[in-house]
Amino acid sequence: GDSVTQMEGPVTLSEEAFLTINCTYTATGYPSLFWYVQYPGEGLQLLLKATKADDKGSNKGFEATYRKETTSFHLEKGSVQVSDSAVYFCALEKSGGGADGLTFGKGTHLIIQP
Amino acid sequence: GAVVSQHPSWVICKSGTSVKIECRSLDFQATTMFWYRQFPKQSLMLMATSNEGSKATYEQGVEKDKFLINHASLTLSTLTVTSAHPEDSSFYICSARDSSLAKNIQYFGAGTRLSVL
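Residue numbers (my numbering), protein chains in the order written: chain A, 18 to 131; chain B, 473 to 589.
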């Protein structure tokens, strides 16, 4: 079945450091790919998405490129801030049409120190 | 942005009792809602897909008689954990898909922590 693998945390960085959180997936067909972020005490919020190969999703300085050849969707940010501390989830939707539930990775806890 | 409200946020109950969790889309209509379960340090696992006005579709291994889902309106879905036991203790999260726009985005509630004694 479909699966998402992302790097285990916690990941601890200093403010203004470069961030990469790796995410790879296994799925048939052409899934849509997502990154969600969860701040303490809040629900998951969509951070960015990509619906087809070579698409780049971006939001709030975060970027991720849909790489079908490597089945990856790594999350990057050039300069992190303390406010970026949260849990980040990589996810896929197999149909891409919005009718299916999402398959999630285990989440990566990111801690940014001032 | 779109808001999904989930209630209660935390519930403690005795073994053998039933617990109802509500998921509401506050500012949009949702023909489709989803229920997930999350164990500590694990990913969210899809339990079922709830479609307004029809029966829910359950994922393999999820007991439909144990986890009753009702989606009677375009803004409300409920999950009832029947005859709860300690192994049902978990974090339950709902999401709703905005059916008014072709955004194909799921908006998530903040989750409900269920503790069964």
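Honestly, the hints are just simulated from the structure, not real lab data.
Just so it is clear, CB atoms sit at the ideal spot from N, CA and C, and this is done for glycine as well.
Just so you know, not all the hints are guaranteed correct.
[Said to hold, decoys possible] Output of the computed footprint for chain A on chain B, the stretches with three or more beta carbons under 8 Å from beta carbons of chain A:
#1 503-513
#2 540-550
#3 577-587
Quick rundown of the hints versus the structure:
For the segment 503-513 of chain B, the stated coverage by chain A holds: 4 residues have a C-beta nearer than 8 Å to a C-beta of that chain, and at least 3 were required. As drawn, the segment 540-550 of chain B meets chain A at 0 residues by the rule of a beta-carbon pair under 8 Å; below three, the given contact is violated. Chain A is given as covering the segment 577-587 of chain B, and this holds because 7 residues of the stretch bring a CB closer than 8 Å to a CB of that chain, at least three being needed.
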